[in-house]
Amino acid sequence: MAAPRYIAEPADKLALARLDGLCALFHGPSGATHIVAPPAPEILAALREGPADAATLLDRLAERFEFADAGAADAISARLAELEAAGLVRRA
Amino acid sequence: MNAPEDPETKGFVASRRAVLALGAVAASTVVTVRPALAQAAGSILACQIPVPGPHAAGSYIAADGTTVAPGTPGAAPPLSRPLTGEEAKVLLRGSTPPGVDPRAAQAYANYIRRLQAGMSGFTCYASLQMPR
Numbered sequence: 089m090a091a092p093r094y095i096a097e098p099a100d101k102l103a104l105a106r107l108d109g110l111c112a113l114f115h116g117p118s119g120a121t122h123i124v125a126p127p128a129p130e131i132l133a134a135l136r137e138g139p140a141d142a143a144t145l146l147d148r149l150a151e152r153f154e155f156a157d158a159g160a161a162d163a164i165s166a167r168l169a170e171l172e173a174a175g176l177v178r179r180a
Numbered sequence: 014m015n016a017p018e019d020p021e022t023k024g025f026v027a028s029r030r031a032v033l034a035l036g037a038v039a040a041s042t043v044v045t046v047r048p049a050l051a052q053a054a055g056s057i058l059a060c061q062i063p064v065p066g067p068h069a070a071g072s073y074i075a076a077d078g079t080t081v082a083p084g085t086p087g088a089a090p091p092l093s094r095p096l097t098g099e100e101a102k103v104l105l106r107g108s109t110p111p112g113v114d115p116r117a118a119q120a121y122a123n124y125i126r127r128l129q130a131g132m133s134g135f136t137c138y139a140s141l142q143m144p145r
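In order, the protein sequence lines correspond to chains A and B.
One point on numbering: in the working numbering, the residue at position 81 of the first sequence is 169, and numbering is uninterrupted.
One point on numbering: in the working numbering, the residue at position 72 of the second sequence is 85, and numbering is uninterrupted.
None of these hints come from the bench; they were simulated from the model.
Heads up, the beta-carbon is just placed ideally off N, CA and C, and yes, glycines get one too.
Hints should not be assumed to be uniformly reliable.
Listed below are several chain A residues computed to face chain B (Cβ distance under 7 Å; list not exhaustive) [claimed, not checked]:
| no. | residue |
| --- | --- |
| 1 | P127 |
| 2 | P129 |
| 3 | A163 |
With these hints in hand, go ahead and build the complete structure from the sequences.
Written as structure tokens, this is what we have:
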């Protein structure tokens, strides 16, 4: 089965404020405010280039970042799952 | 396929390769701090709480709500599908929603009560706790 592809909530649905390394996101449609740490903002930005599965997303991020830890594939899937649970990304 | 992305793409501010920590699988990078219920009442009842969440997939749920090894005697098996917010409300009131084994209801309710910020389903649970 193909890996799920994700899309990010559009930028116009989110109000963003940087908080000294963290980021506060107000999500208008749900009325919820989320405090997110890296790499969540970077994932949302990368997904705005278009729908992507975890592997594609990792490739996009790898063009811009060195990864600080091993196990990137598992970690990125975990990050996508929690962003999905928070309603900030959804399946394409 | 695999066409190179435009490095100037909007949304990225890094002009050089910064180091990005992806975090541990079990760690969390999202905490929901203030669900504003007034405009989300409908979606709250449709939100979902997986029991257990992906961090403990396959684990059984002990009576006190902790996750334990699969097959642990006296523990409840994982739910085959996530609970809806409405079902979670029923459980937290001490009742059993349709499709849930009444003998396991207390374990599932305690699991929900133990959810912490960042765990899958916490946003939904937190929303259920907010006064209307």
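Outcome of the hint check:
Interface hint at P127/A: satisfied, since its Cβ lies 5 Å from the closest Cβ of chain B, which is below the 7 Å cut-off. At its closest, the beta carbon of P129/A sits 9 Å from a beta carbon of chain B; the interface hint therefore is violated under the 7 Å criterion. Because the smallest distance between the Cβ of A163/A and any Cβ of chain B comes to about 4 Å, under 7 Å, the interface hint for this residue holds.
Of the numbered hints stated above, the single one contradicted by the structure is hint 2.
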